[in-house]
Amino acid sequence: MSKTHSSLGSKIIIAGGTGFLGQLLAASFLKDGYDVVILSRGSFPMPKYGRIVCWDGKSLSKWTDQLEGAKVLVNLTGRSIDCRHTSSNKNEIIESRLKSTRVLGKAVLSCNKPPSVWLNASSMALYGQCLGNACAHDENSPIREDGFLEEVTVSWEDEFHKFTKDGVRQIALRISFILGVASGAFPLLKRLSSLGLGGKQGTGAQWMSWLHQDDWVGIVRFLCAQECISGPVNVTAPNPVLNKEFMKVLRGIVGPFGIGLPAPSFGVKVGCQLLGSAPELALQSRRVISSVLKSRGYEFKYPDLYDALSDLSEKSSH
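My numbering applies: residue 110 is where the sequence shown begins, and numbers increase by one.
Simulated crosslink set (BS3-like; lysine-lysine; CA at most 27 Å straight-line):
(1) LYS157 <-> LYS171
(2) LYS140 <-> LYS424
(3) LYS215 <-> LYS171
(4) LYS222 <-> LYS171
(5) LYS167 <-> LYS271
(6) LYS167 <-> LYS274
(7) LYS120 <-> LYS215
(8) LYS120 <-> LYS167
(9) LYS274 <-> LYS215
(10) LYS410 <-> LYS424
(11) LYS120 <-> LYS157
Computed beta-carbon distance windows for the label pairs:
(12) ALA136 <-> ASP191: 19 to 27 Å
(13) PHE257 <-> GLU423: 34 to 42 Å
(14) ASP141 <-> ASN200: 35 to 43 Å
(15) SER400 <-> ALA334: 17 to 25 Å
(16) PRO371 <-> THR273: 44 to 52 Å
(17) PRO296 <-> LEU240: 23 to 31 Å
(18) GLU201 <-> ASP416: 31 to 39 Å
(19) LYS403 <-> LEU240: 19 to 27 Å
No lab work stands behind these hints, which were simulated from the structure alone. Even for Gly, the Cβ is constructed at its ideal location relative to N, Cα and C.
Just need the whole structure built from these sequences, with the hints factored in.
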């Protein structure tokens with residue numbers, strides 16, 4: 110969207126918008142003249158984009174006034190899953206998602222003029238794993254609840270759909286593995302590959318559903334504009350790949366002579382423990398595409414992995 114009379118002064122609310130994904134959205138909307146409000150607990154450094162309005166992510170208070178007359182509400186709040194999945198961390202992961210979604214739902218219901226669209230973060234994890242040559246999951250695939258991440262995501266979406274209001278379009282953003290220049294896993298994977306450590310993780314036969322950061326922004330902007338779209342949307346590129354293929358493409362771009370030492374499953378588990386991460390994030394197999402984006406005509410800027418990784422590598426080198 111270009112900066113138009115209709116966008117100037119229009120308000121975009123991004124709950125949990127101080128993070129990587131929220132700041133990408135904030136920068137894009139600000140460029141087009143929107144008033145971007147970041148709902149934040151205030152425990153983070155001041156964001157580069159958007160103005161902060163404090164909230165605690167669980168209680169109704171003065172921040173709810175910001176929703177009146179807003180154009181878009183995006184909720185990205187939630188404790189990162191990139192941590193050791195101890196009992197206390199698991200509880201924080203699920204409670205941070207449910208409480209923030211619940212209080213936003215109550216705030217939306219109380220509005221006289223609520224946001225026209227509410228996009229709530231979710232995850233592709235609720236489809237479960239996709240192994241071997243099984244067909245990719247899309248928005249019509251059955252939901253599974255046989256793992257921690259699956260249970261979290263199902264509960265998250267159930268909470269989201271408890272709060273419906275006439276005139277408010279609701280979209281569950283089932284987000285895949287976002288590749289970004291300055292955050293997420295890409296900088297680490299690039300560094301490992303440049304040191305000759307960019308081999309497959311585990312067997313390398315696990316599927317990876319991925320998305321370039323520019324298409325993350327593009328898809329959210331597309332969904333805001335497409336008034337006919339509601340419900341779940343898989344936010345992912347159309348061409349998932351096997352882990353061994355992903356790493357081969359990456360080390361072909363940044364690795365010395367295309368060489369990459371592999372990391373066996375045991376090594377991945379040990380490394381994740383040392384780094385304070387969860388090994389299943391690297392070893393689980395997720396093969397997801399979006400029938401919604403395809404049928405509605407979204408045009409990906411980076412549908413091909415090589416082009417996506419080449420662009421990110423070039424930008425991160427500047």
